[in-house]
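All chains should be built: construct the whole structure from the sequences, respecting the hints.
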Amino acid sequence: MRFSCGVLLIDWILCYFSYMNGNSRHQLIKRLQAELPRGAPFDLATLNQFGVSPQLAAHYADGGWLVRLAQGVYAFPNDDFGVYSALKFLQQRVPGLHVGGKSALALQGVQHNLGSRDTLVLWGDSRFTLPRWFTSRFPARYVHARLFDWPDTPLPNKTLITPPGLPDLLRVAVPERAVLELLYEVGVKQSLEEARNLFDGLRSPRKELLGQLLSCCTSVKAVRLFLTWARETGLVEVDALLEQYPVRTGSAARWMGRLDDGSLLSLRPHG
Numbered sequence: 000m001r002f003s004c005g006v007l008l009i010d011w012i013l014c015y016f017s018y019m020n021g022n023s024r025h026q027l028i029k030r031l032q033a034e035l036p037r038g039a040p041f042d043l044a045t046l047n048q049f050g051v052s053p054q055l056a057a058h059y060a061d062g063g064w065l066v067r068l069a070q071g072v073y074a075f076p077n078d079d080f081g082v083y084s085a086l087k088f089l090q091q092r093v094p095g096l097h098v099g100g101k102s103a104l105a106l107q108g109v110q111h112n113l114g115s116r117d118t119l120v121l122w123g124d125s126r127f128t129l130p131r132w133f134t135s136r137f138p139a140r141y142v143h144a145r146l147f148d149w150p151d152t153p154l155p156n157k158t159l160i161t162p163p164g165l166p167d168l169l170r171v172a173v174p175e176r177a178v179l180e181l182l183y184e185v186g187v188k189q190s191l192e193e194a195r196n197l198f199d200g201l202r203s204p205r206k207e208l209l210g211q212l213l214s215c216c217t218s219v220k221a222v223r224l225f226l227t228w229a230r231e232t233g234l235v236e237v238d239a240l241l242e243q244y245p246v247r248t249g250s251a252a253r254w255m256g257r258l259d260d261g262s263l264l265s266l267r268p269h270g
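Note that the sequence shown covers residues 0 to 270 in numbering that gives the first Met the number 0.
Treat each hint with caution, since some may be false.
[Unchecked claim] Distance ranges between label pairs, derived from CB positions:
| no. | residue 1 | residue 2 | range |
| --- | --- | --- | --- |
| 1 | F127 | V219 | 19 to 27 Å |
| 2 | P36 | S135 | 16 to 24 Å |
| 3 | T45 | R131 | 26 to 34 Å |
| 4 | P36 | R247 | 17 to 25 Å |
| 5 | T152 | S262 | 24 to 32 Å |
| 6 | K29 | K206 | 42 to 50 Å |
| 7 | R202 | E242 | 21 to 29 Å |
No wet-lab data here; the hints were simulated from the structure.
Even for Gly, the Cβ is constructed at its ideal location relative to N, Cα and C.
Written out as structure tokens, the structure reads:
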């Protein structure tokens with residue numbers, strides 16, 4: 000009889016703690032739903048701040064309370080988050096990640112037949128593959144290139160801003176930087192014709208900032224193409240720019256390159 004009572008007591012204790020544990024987990028997911036902002040993914044570090052372990056996060060995902068986007072990345076079910084929220088999430092994980100090239104120009108009013116499903120151009124400082132959960136929602140590609148040999152100044156951060164109307168802390172290349180990113184990709188991922196149309200849409204670039212960027216730009220093609228088109232359009236006084244700044248134009252020889260359409264691009268040193 001004592002044995003039977005002891006077994007019953009143990010069963011009751013196990014049941015009680017199982018109930019309390021389940022109730023605690025239910026209260027925790029309710030807290031997550033109440034306090035975590037909607038419209039953006041979150042990671043294990045964020046969940047850990049609420050006392051959610053990796054094992055508990057997996058349990059919530061198995062139970063349908065969370066959706067597992069990738070290893071260590073979660074969202075709420077049916078949470079239709081936008082591209083900017085997703086970008087801000089990635090920016091916390093990828094050094095220097097920003098909207099660049101023609102996408103940055105478009106966000107600042109320089110565009111040419113831009114469609115809503117155009118591929119988003121992102122740049123960053125390290126090798127990185129955009130996660131599937133991001134590219135399946137937002138057509139995008141990532142560029143990693145050492146386009147600038149940055150001096151020991153605030154210039155890298157100075158050339159990344161948040162344009163008016165966009166969420167705080169979303170990093171976008173200023174037009175002067177974005178146009179050099181655009182020209183770097185000419186003949187590779189970017190057509191010459193569209194690049195020229197976008198270049199023609201530039202208005203009143205800041206001469207000092209241009210001079211600083213051209214002086215540390217490592218792409219002879221991008222520098223010479225900028226100088227050539229700037230001279231043709233009168234966008235800036237090219238000779239004055241070259242006189243005032245140590246622009247990297249390469250050797251005295253012409254730069255020659257074959258474009259993806261088979262045509263040959265020939266660029267003189269000073270445009």
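So, going through the hints one by one against the coordinates:
Separated by about 26 Å at the C-beta atoms, F127 and V219 satisfy the suggested range of 19 to 27 Å. For P36 and S135, the Cβ-Cβ distance of about 22 Å falls inside the hinted range of 16 to 24 Å, so the restraint holds. At about 20 Å, the beta-carbon gap between T45 and R131 misses the expected band of 26 to 34 Å. In this structure the supplied range 17 to 25 Å is violated for P36 paired with R247, their Cβ-Cβ distance being about 44 Å.
Look at T152 against S262: about 38 Å separates their beta carbons, and that is not inside 24 to 32 Å. Evaluation of the 42 to 50 Å hint for K29 and K206 yields a failure: the beta carbon distance comes to about 57 Å. Between R202 and E242, the C-beta spacing of about 24 Å keeps the proposed range 21 to 29 Å intact.
The structure fails hints 3, 4, 5 and 6 (numbered hints given earlier, in ascending order).
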